[in-house]
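Chains as they are written, first to last, in our numbering: chain A, 1 to 114; chain B, 1 to 112.
Within a straight-line C-alpha distance of at most 20 Å, the following computed DMTMM-like cross-link-like pairs (lysine to aspartate or glutamate) qualify:
| # | chain 1 | residue 1 | chain 2 | residue 2 |
| --- | --- | --- | --- | --- |
| 1 | A | K7 | B | E45 |
| 2 | A | K65 | A | E54 |
| 3 | B | K56 | A | E100 |
| 4 | B | K70 | B | D7 |
| 5 | A | K7 | A | D87 |
| 6 | B | K70 | B | E5 |
| 7 | B | K99 | A | E58 |
| 8 | B | K99 | A | E100 |
| 9 | B | K56 | A | E99 |
What follows is a set of in silico ranges between Cβ atoms, one per label pair, in the way DEER data are often shown:
| # | chain 1 | residue 1 | chain 2 | residue 2 | range |
| --- | --- | --- | --- | --- | --- |
| 10 | B | L11 | A | T30 | 33 to 39 Å |
| 11 | A | R10 | B | N27 | 30 to 36 Å |
| 12 | A | C13 | B | K99 | 26 to 32 Å |
| 13 | B | S26 | A | D11 | 34 to 40 Å |
| 14 | B | E3 | A | E86 | 21 to 27 Å |
| 15 | A | P39 | B | L11 | 17 to 23 Å |
| 16 | A | D11 | B | Y71 | 36 to 42 Å |
| 17 | B | R94 | A | Q41 | 22 to 28 Å |
Just so you know, the hints here were simulated from the structure itself, not pulled from any lab data. Predicted, not measured: the structure shown is a model, and the values here were computed from it. Glycine is no exception: its CB is placed at the ideal position from the N, C-alpha and C atoms.
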Amino acid sequence: SAVISQKPSRDICQRGTSLTIQCQVDSQVTMMFWYRQQPGQSLTLIATANQGSEATYESGFVIDKFPISRPNLTFSTLTVSNMSPEDSSIYLCSVGGGEEAEQYFGPGTRLTVT
Amino acid sequence: QKEVEQDPGPLSVPEGAIVSLNCTYSNSAFQYFMWYRQYSRKGPELLMYTYSSGNKEDGRFTAQVDKSSKYISLFIRDSQPSDSATYLCAMTLRGSWGKLQFGAGTQVVVTP
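Between the sequences and the hints, there should be enough to build the whole structure, so can you do that?
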């Protein structure tokens with residue numbers, strides 16, 4: 001399985017500011033995924049990040065709010081822009097394994113917006 | 001209605017007991033089914049995945065899928081206090097790499 005690291009592990013931010021979360025994988029992967037885990041709720045897919053192309057966003061998520069970069073096959077960033085308290089959540093990076101049902105997650109970034 | 005339903009618990013069992021977890025789903029097109037374990041303040045850890053109906057066993061863990069009933073289960077035998085965590089079910093369509101639909105998770109507490 002892939003080893004995934006995220007930075008920062010946690011942060012407390014003020015309303016109206018932005019935070020960029022980094023995801024690093026120990027092997028090259030075609031697709032990287034960003035999920036959100038709100039308190040007491042299911043993990044929800046935000047977007048799929050492919051190297052060399054624009055990210056694909058799921059319904060309810062837009063690029064202006066969650067811009068994503070994917071400069072190479074081992075790294076991606078997710079920015080949470082113009083934050084509000086509703087953005088307080090855990091943000092998780094995810095990559096696939098060799099089989100379609102294998103999906104691995106990073107340790108998450110715990111974001112609190114005040 | 002959510003696509004994947006999972007009882008949030010908490011489910012409390014004594015050490016050594018069998019833990020029984022389940023999820024129901026509404027989309028009959030789901031083909032792949034996963035179970036994750038998530039410790040507090042950690043990311044989800046993939047425990048098992050299955051592709052079709054039937055059982056899959058890995059050590060103390062057994063996963064079952066009943067596609068006719070749209071119901072999946074995870075059993076943990078000889079439970080240990082270290083099994084105390086939140087267990088998440090997830091599922092996806094064939095060809096939807098990485099796009100998982102998750103249940104809300106069941107908190108399990110194994111008491112010594």
